[in-house]
Structures are given as C-alpha cells and as structure tokens.
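**Q** Chain by chain, the residues run as shown.
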Amino acid sequence: MTVFQINRKYLKQVDALMLILLLAVSVISVLTIYSTTRPIMSSSLQPNYYLKQSVWVLIGFIVLFIVLVKDYIWLKDAGYVIYGIGIFLLVLVLLMGKSGLGAQRWLDLKIFSFQPSEIFRLILVIGLSKYLSSVKSPLDRRSFFLSLVVFGIIPFILIIKQPHLGTGIILFATFLFLVISKKIEKKLLLILIAIALVVVPLGGKTVWKHLKDYQKNRILAFVNPDIDPRGIGYQIEQSKITIGSGMTFGRGYLKGTQGPLKFLPEKHTDFVFSVFAEEWGFVGSIFLFSLYLIFFIRGFDTALKAKDEFGKYMASGLTFMLFLYFLINIGMTLGMMPVVGVPIPFMSYGGTSLISNFIIVGIIINIRMRRLVMV
Amino acid sequence: MNKEYFEGYASFTVYIIITVFFILSVRLYVIQILNGNDYRDAADSNRVRAVILPASRGIIYDRSGIPLVKNKPYFYASLIPGRTPVDTHGLADLVKVDESKLALKIKKEKNNIFKTIVIKDGLSFKEVAEIEARKSDFPGLIVETSVTRDYVYKTVGSHVIGYLGKPNKQQVEKLQLDDVPPETFIGQWGVEQLFDATLRGTAGRKIIEVDALGRQLKELDVIKPKTGGDITLSLDINLQKIAEESFTDKTGSLVALDPRNGEVLAMASMPSFDPNDFVMGIDSEKWSALHKDKQFPLLNRALQSSYPPGSVFKVLMSVAGLDDGAITTKTPVGCGGEMHYGKWSFGCWKAHGTVTFHTGLVQSCDIYFYDVGKRLGIDKIHKYARMFGLGKKTGLDIVGGEEREGLIPSIAWKQKKMKQPWFLGETFVASIGQGYVNITPAQAALLSAMVANEGLPIHLTLLKGTAPPDESKRLKIKPEVFAEVKSAMYGVVNEGGTGGRARSELVHISGKTGTAQVVKGRVKTETLKQHLRDHGWFIAYAPSEDPQIAVAAVVEHGGHGGSSAAPIAKNVIEAFVKSSYYKKPTESDE
Numbered sequence: 001m002t003v004f005q006i007n008r009k010y011l012k013q014v015d016a017l018m019l020i021l022l023l024a025v026s027v028i029s030v031l032t033i034y035s036t037t038r039p040i041m042s043s044s045l046q047p048n049y050y051l052k053q054s055v056w057v058l059i060g061f062i063v064l065f066i067v068l069v070k071d072y073i074w075l076k077d078a079g080y081v082i083y084g085i086g087i088f089l090l091v092l093v094l095l096m097g098k099s100g101l102g103a104q105r106w107l108d109l110k111i112f113s114f115q116p117s118e119i120f121r122l123i124l125v126i127g128l129s130k131y132l133s134s135v136k137s138p139l140d141r142r143s144f145f146l147s148l149v150v151f152g153i154i155p156f157i158l159i160i161k162q163p164h165l166g167t168g169i170i171l172f173a174t175f176l177f178l179v180i181s182k183k184i185e186k187k188l189l190l191i192l193i194a195i196a197l198v199v200v201p202l203g204g205k206t207v208w209k210h211l212k213d214y215q216k217n218r219i220l221a222f223v224n225p226d227i228d229p230r231g232i233g234y235q236i237e238q239s240k241i242t243i244g245s246g247m248t249f250g251r252g253y254l255k256g257t258q259g260p261l262k263f264l265p266e267k268h269t270d271f272v273f274s275v276f277a278e279e280w281g282f283v284g285s286i287f288l289f290s291l292y293l294i295f296f297i298r299g300f301d302t303a304l305k306a307k308d309e310f311g312k313y314m315a316s317g318l319t320f321m322l323f324l325y326f327l328i329n330i331g332m333t334l335g336m337m338p339v340v341g342v343p344i345p346f347m348s349y350g351g352t353s354l355i356s357n358f359i360i361v362g363i364i365i366n367i368r369m370r371r372l373v374m375v
Numbered sequence: 376m377n378k379e380y381f382e383g384y385a386s387f388t389v390y391i392i393i394t395v396f397f398i399l400s401v402r403l404y405v406i407q408i409l410n411g412n413d414y415r416d417a418a419d420s421n422r423v424r425a426v427i428l429p430a431s432r433g434i435i436y437d438r439s440g441i442p443l444v445k446n447k448p449y450f451y452a453s454l455i456p457g458r459t460p461v462d463t464h465g466l467a468d469l470v471k472v473d474e475s476k477l478a479l480k481i482k483k484e485k486n487n488i489f490k491t492i493v494i495k496d497g498l499s500f501k502e503v504a505e506i507e508a509r510k511s512d513f514p515g516l517i518v519e520t521s522v523t524r525d526y527v528y529k530t531v532g533s534h535v536i537g538y539l540g541k542p543n544k545q546q547v548e549k550l551q552l553d554d555v556p557p558e559t560f561i562g563q564w565g566v567e568q569l570f571d572a573t574l575r576g577t578a579g580r581k582i583i584e585v586d587a588l589g590r591q592l593k594e595l596d597v598i599k600p601k602t603g604g605d606i607t608l609s610l611d612i613n614l615q616k617i618a619e620e621s622f623t624d625k626t627g628s629l630v631a632l633d634p635r636n637g638e639v640l641a642m643a644s645m646p647s648f649d650p651n652d653f654v655m656g657i658d659s660e661k662w663s664a665l666h667k668d669k670q671f672p673l674l675n676r677a678l679q680s681s682y683p684p685g686s687v688f689k690v691l692m693s694v695a696g697l698d699d700g701a702i703t704t705k706t707p708v709g710c711g712g713e714m715h716y717g718k719w720s721f722g723c724w725k726a727h728g729t730v731t732f733h734t735g736l737v738q739s740c741d742i743y744f745y746d747v748g749k750r751l752g753i754d755k756i757h758k759y760a761r762m763f764g765l766g767k768k769t770g771l772d773i774v775g776g777e778e779r780e781g782l783i784p785s786i787a788w789k790q791k792k793m794k795q796p797w798f799l800g801e802t803f804v805a806s807i808g809q810g811y812v813n814i815t816p817a818q819a820a821l822l823s824a825m826v827a828n829e830g831l832p833i834h835l836t837l838l839k840g841t842a843p844p845d846e847s848k849r850l851k852i853k854p855e856v857f858a859e860v861k862s863a864m865y866g867v868v869n870e871g872g873t874g875g876r877a878r879s880e881l882v883h884i885s886g887k888t889g890t891a892q893v894v895k896g897r898v899k900t901e902t903l904k905q906h907l908r909d910h911g912w913f914i915a916y917a918p919s920e921d922p923q924i925a926v927a928a929v930v931e932h933g934g935h936g937g938s939s940a941a942p943i944a945k946n947v948i949e950a951f952v953k954s955s956y957y958k959k960p961t962e963s964d965e
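Sequence lines, in order, name chains A and B.
So for the first sequence, the working numbering puts the first residue at 1; every next one is plus one.
So for the second sequence, the working numbering puts the first residue at 376; every next one is plus one.
Next comes chain A alone, as it looks inside the complex:
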C-alpha cells in the first residue's frame, strides 16, 4: 500500500518534458520504421516491424512507470547483486548464446530472445554508481584500479568477445566518464593519460589482430569508402546518399525510396535515422537533433539536482551513455565514424534495446522526481 502513497506524493514531480520528448521520439520511430519497411511490391511479405515496435513502445512506457513507483535507492542497496547477475548473464551468453550474424549476443528465453549486453548497460552504471558513491573522493590508486578491473576491463572483454565492439567501447567510455566525474588524484589522472597514450597505439594493434574480418572491413571502408563501393563501403555511401537526397525539406513522409527499396541495409535498425533524414530533410533532422539535445541536457540537469551522490552518478552516467549511442550512431550514418553497429536510442527497431532504454529513462525520471526529498 505504501507504494501508492509514495506514487501520489511524487506524481506532480514526474518530468513531463522528458516524457513528451520520449513520446515524440517513439512516435517518430514507429512512423519511420513503418515507412522504411512498408511493402513496396504487392507480393512482398514484410514482417510488421512497425507494429512490433509499437508494442515495444507500449511495454516500454508501462515498464517506465513501474520503475517510477519505487525510490531508486533500492538499486543502490541491491547494486552489487545486480552487477553480479549482469556479469553472470554475459558469461552465460558466451557459453550458450544464440548466434546471429556471426555474433553471439542473444539468450533464447523460449518466448523471446534477449540480449544481456543491452540490459547490462544499465547494470554497469548501477554497480559503478554504487561503488563510486561508497568510496572516498578523490579516488585513490587502489580503488581506481579495483574499479578499472571490475567495472571496466571484465565487462569490456566479455562484450567484445560476443563480439559487440560498439557496445564494449561505449561501456568502457561510460566507465571512464563516471570515474573521472568522481574526481581522481591528479597523479592518477596523469598516469591514466600516459597509459592511454601507450596502450591505444600498442593495444590498437592487438585489438586489430583480434577483430573479425567484417569489423576490420568496416573500419577500412570508413577510412576509404572507395575501396569497394559495392561491398564494405556500400553502407556508408548508401547512407550518405539517403540522407543527402533529403535535401532541405525532405522528400516527404512515405516518399523516401532508399530504405524501402532496400538500397540501404539495416534501414530499420542502425540506419533508421538516414531514412528519417531522407523524408524530412535538414529541417526535420535538426528538429530531431533538438529533441535529443534537450533530452541530454535534461538528463545532466537531473544529475545536478539529484538528492544523493548515487543518483548523480546514475543520472549523469546513463545520460552520457545514451549520448554516446546517439553520437556513434549518427556519426556512423553521416559517414563520420566507422560502421560499428550501434542503434540510435529510442528510434532503432529492437525490443531489448528499447525496453532497457525506457528503464534508463524511468530511472532518470525517478531520480528527478525525488530530488526534493531530504536525505
């Protein structure tokens, strides 16, 4: 019963702006997925991606509201347990995961497939936030290296083994972002920079060696898209053509061609923005950018206003991570970054990613809702 009492008390504090932004992007997502996967040939059978996505959005909102019910503080209490389960799932996926497209990312739960790495994004921030909020500031050498191994290196290795390079890099970057936000000893920071200067070129070689061919190709194609316009450079080129052909005002909704005609691969997942940009043009794209920008600023505003340290780390870490997803995805579609297979939050088709993003927003709103509570 207490659950509902709390709910009523904080109802007025629910962040309407964030919900509106989320709703707007979700509607855009469903409309764009419909447009790009709509059947063009009368005979062609297309999965109803837009319907599925609508259902996921609906479930997402329900889950989001469930997340709001209980004070997020319980996450701090259960932080290490949750983190342990997360790591366990990552190991499990390596041992018995379902393969798809050369990668082992899914756990088959009979009813639906589930990508632990998607939910682990959230779990990492929970575990790390708990850790950071429970150690002294600034971080000393011991606690830094402990966190580096537990929250940085172990999950990074487990995820790039799947392989899921994009997510691995984003998670590691989020880890660094949060650790530095804790303030670390200057000496340590210098050491960190020094290590980065040495490790990146040296480690780069090692990482390169261990990359799968298609991953190498993507990077090569990024450096020089002309290498093979029909092969590895194709996606980048087609994405640029799709976006560019939108010009100032776009071709108009349902008038885009590159996606539905299958010139653009992964049109409803990683490259859904390109399809949007073709139909809505520069004006529409800037509008969409604005929605995301406001969303990210709101996330950091939430972090600044959070009532406790755990909340601050959670809100800033989760917002930063979503921003990284956005940046890498858009950078990829605009031909500014290698194609690493990272979805754009709230827009790309895909259940697990969408639900976990809704949970993330739920947590951020939860933190904002309870910002005025005295600790």
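Some hints here could point you the wrong way.
Said to hold, decoys possible - The calculated DSS-like cross-link candidates involving lysine-lysine, where the alpha carbons are at most 30 Å apart (straight line), are: (1) B:K959 - A:K305; (2) A:K52 - B:K593; (3) B:K480 - B:K593; (4) A:K307 - B:K378; (5) B:K483 - A:K216; (6) A:K186 - B:K483; (7) B:K549 - B:K661; (8) B:K483 - B:K669.
To be verified - Here are a few chain A residues that sit away from chain B, every Cβ distance over 12 Å (derived from the structure): (9) L17; (10) L19; (11) K52; (12) I66; (13) R141; (14) L148; (15) I154; (16) I160; (17) G168; (18) L190; (19) W208; (20) L211; (21) D213; (22) G299; (23) I359.
Simulated from the structure, these hints should not be mistaken for lab results.
Idealized CB from N, CA, C, for every residue including glycine.
Here the structure of chain A is known, so what remains is to put chain B in place on it, guided by the hints.
**A** Leaving out everything else, chain B in the frame of chain A:
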C-alpha cells in the same frame, strides 16, 4: 563527493555535448544542403532504371505493297549488377556461356553499379523459358527484348534489301547512337542501311523503379517508342524472283529499270545469300563460308563488278557516231572479217561484206564500228559515254560506298594513268567495248534506258513514286539519231540479229547482245574452260514502241550474250508485261 567538482564536470560535459551537436549539424548541412543535389541524383540513379523499349523497324514493301521483311522479337539476357555477388558458375551454366569469360565481363563492369551487362545474345524461346524459370536464383538477371528482322523472301533481293547488324564503334559515333541500347540492330547493307534513319524509328523508354536487387517495382514513366517509317521500294519482288531464277547455276547480274524515271524494278546479283543468316549475328563459320566462296555471294555484281561491255557498247558508238556526224546511216564499210592497221590485225566474228549502219549494228559488225571509232576518236567516245552515265557511279548507295566506277578511257586518262600516248589501235578495241572499257551492269541498264527514253538523263532510284526526271536536262541529241539506233536495236532481236533469243510473242523487245572477251584472241568460247569463257551481255528495252522497262543482264563466263543473257532479259521483260502496272501501248503506236 566533491559537489563543486561534479557540477563543473557535468556542465563541461553539457558544453561538449552541445558542441558535438553543432558539429553533427554542420555535417548534416554539408550533406543535405551543400551536396544535396548530387546525393539526390545518386539516389535517383540508385532506384531508377531506364528499360529501352525498342522501336519496331519500318517495313520494306515492294512496289505492289508486298512486305519483304517482317519484324520478329529478339531476346537477350542481361544482368543488373546488384550488391550480392553473382554465382557465375551457376549463371554460366544456365545461359550456356564460358564461365571465365562471364566472370571477366562482370568484373570489368564491377564499378559500374547501375549499368546492365549483356551476358547472352540471341536467345531461343526455349532458352528464354529456362532463364525465366530460374530467374529468382540469380538476382538482377533479366531477359530483355529487342526487335530484329525476318526476311520473307530469303535469298531473293538480298543484295538490295541488305541486312541488319549491331553497330560498330565508328557507327555509334557517326550516327550518334549514344542512346541506342547495345542490342539494337542497324542497317548494315542495302536498303536497310540506305534508309536506316527512316526505318529505325526512335526507341522508347520505360522508366522503372527497382529495388537493390534490380527487380522492377513500378513504372514511373513510359516514353513510347516511335515505330520506324515504312519504305516502299520500286522493286517488284516477282520480277526479282524471276530474274534470279533465270540465272540457275549461272553467275551474273541483272538490272531492270523504268526508263521513264529511273526506278529500279529488279536488281539481281547471283549467287545470292540469305540475310536471315545475319539476323542473330552471323556465326563465324557461315561468315567465313560466305567470304571464302569463290563466287562471292556477298558481292552486289550490279554495282560492284565491272566488265568490258563488248558489243553492247556499239549502241553508244552508234548514238555518238550518228549524232556527231562522223557517220551517216548510209556510210558504207566493207567487212572482210579482218582489218589491218599497221602491223596489227583486227578481226570480226564473220565477214559481213559491205555494211551500212543498220546492218552493222544488227549484225554487230566489228569492222564497221572500228571505222566509227576511228572517225570519232577516243575523246568523243569518252564524252558520249559519260553523257549516258557510263564510267561513273550511279550513286545508288546500297553497297556502302563500294560501287564500281567502271572505266571509259580517254587520251588524258591514259597519259595520266600510264604516262603514255593513246594509240589508234586502242580506239578500235574500245569501239567494240573491249580493252580498257569497263562498265557495271547498272550502267549498262542506264545506257539501255537512256536510249529507250531518247536521251532523258535519269538517276537510279529504289523508291517508288520518284519525281519524273527534269525534261530540260534532256541530251541535245537529234531525235532521228535515236530513231535509227532504236530501229537497229529492234532489228537485233526481231530481224535475225544476234539477239534472236530475246524475241517475244508477248511484246516487242529491242536490244543488243554483247560478248566480252576474258582471254585475248578469237577462240571458240565453247572450247574454253568455264572460268575462261567470255561474259555474255544483253541490254534491252520494251515495248519497243513505248519503252516501260530497260534491262541489262550479264552472265559471267556465259559465252555469247545472245544465248546466255538474252533469254534471262526476255524472261524478266515478259514477267513485267504480265504485271499489273504494264500499260499496253495503243494500236496507233505500232
């Protein structure tokens, strides 16, 4: 937690995020606004293909409206390169081509993402069915259609009608065929080439939207093809057939003209070839067989072969001699079968005794015409010959600029060509159409026609309904001259002359035989081997009283023209008389 530090850190991050958004927006601006046009073009060429709708070629009719060709569809397999790699092994197997060649072809076009690659020409219906059935296994594989020809009468008239072939590089440039798809055929010979621009029409286009695999989704636009214009020839296919059939086992040529306007009624060159062999692109075996054939079936003898005209030339000599006043009809010449000049001797085929003009021509007396030649001189002979179109191209451009000019010698010509003076002896030889004198069957027909129409210059044409020739250009030759010559030509056929074999029950035919020496000296032609025998000539027109057809026929190594060429000419003239457009002369003309 150091709150101040965190606040500073978070604000700094927000500024970074804003900066990143700015950078992304600039990139978006560059792609969508600065380069938007280019990308839109690229997108449109991504999804838009132009499928050529070949124009139906115009039909070629004979003068009675009988179609000489039909159009028939031509199929070829193309590949629209998509993103997926092609299973060259399976594809080569399906369309039955060499796998390595196919792979090379595809590799060559690798970067030409949106260009279709023709992988197999001239598919049979069975092959089309096989490909259609397995098309789904090979994304981007399509069967395209073009139009090609079916020559109804096969070998008949093939030298005139010609054939189609794929344009070569020079033709593509010269005819500005850029927008003509690779599988378009153009006229390569004969009427097909001469009137190609009219016959070809304009190809249409179907603009279709395709997906990345090259499958058609919908039509965006259709530009209908414009059917080529029809051509009605002056040729009479029936006459042509009879002419060709009359040559059984013989090599030679026949040209029949309407002397009133120059319309070609028949133009035969034997042996002939079947243009249908060229329709699907001739295979190398057939091509080399045609080329190695010692009878040269591809040669249009009517325009591309020249022969000494022999006694046929005496018609020209008669007109020249009488018009010039070198002789009169009464000038007597004694023929003892031989004429001595210096240390040389010039013979006649028999001793005619004293002859005047009429008997001289009817009996084809060589001695008589030596005398005419001597009186005229070679330059006058040259002048008159040119007036009748001898020794110059007719300009009937159906042999691709390979028409023979023939040769009518002159003093200047010999000086220029051989750096030698002209000898009178050579005039004698020229006077009976031997020596340097060389004309094509088309020129011989022209001579016959211009005698028949009494000096009205005509141009050979293959189109029906040609404007009548310009009366003001009529040669200034006295009508009495033609009357005398025509009377003698009537005698050649009808008064026991050398052309008796051309005498017809149906119509009065006038003509002149000719026997052109292949080897020097008078040898009985029947005793010679085939390829050394004389060429037999016959020129004629009919009806004598109102000429509507003029014919020249030559039978290579046929021996005497009276026996070899005259019956062929007669066949054609009789067929013409039986045709619907023959106008029977009124009785009063008799």
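**Q** Hints first: check each against the structure and report whether it holds.
**A** Hints, one by one, checked against the model:
{"no.": "1", "hint": "B:K959 - A:K305", "in the structure": "violated (118 Å)"}
{"no.": "2", "hint": "A:K52 - B:K593", "in the structure": "holds (28 Å)"}
{"no.": "3", "hint": "B:K480 - B:K593", "in the structure": "holds (29 Å)"}
{"no.": "4", "hint": "A:K307 - B:K378", "in the structure": "holds (12 Å)"}
{"no.": "5", "hint": "B:K483 - A:K216", "in the structure": "holds (26 Å)"}
{"no.": "6", "hint": "A:K186 - B:K483", "in the structure": "violated (60 Å)"}
{"no.": "7", "hint": "B:K549 - B:K661", "in the structure": "holds (28 Å)"}
{"no.": "8", "hint": "B:K483 - B:K669", "in the structure": "violated (41 Å)"}
{"no.": "9", "hint": "L17", "in the structure": "holds (16 Å)"}
{"no.": "10", "hint": "L19", "in the structure": "holds (21 Å)"}
{"no.": "11", "hint": "K52", "in the structure": "holds (22 Å)"}
{"no.": "12", "hint": "I66", "in the structure": "holds (28 Å)"}
{"no.": "13", "hint": "R141", "in the structure": "holds (18 Å)"}
{"no.": "14", "hint": "L148", "in the structure": "holds (19 Å)"}
{"no.": "15", "hint": "I154", "in the structure": "holds (25 Å)"}
{"no.": "16", "hint": "I160", "in the structure": "holds (24 Å)"}
{"no.": "17", "hint": "G168", "in the structure": "holds (21 Å)"}
{"no.": "18", "hint": "L190", "in the structure": "holds (17 Å)"}
{"no.": "19", "hint": "W208", "in the structure": "holds (26 Å)"}
{"no.": "20", "hint": "L211", "in the structure": "holds (22 Å)"}
{"no.": "21", "hint": "D213", "in the structure": "holds (15 Å)"}
{"no.": "22", "hint": "G299", "in the structure": "violated (9 Å)"}
{"no.": "23", "hint": "I359", "in the structure": "holds (22 Å)"}
Comparing the model with each earlier hint shows violations of hints 1, 6, 8 and 22; every other hint is respected.
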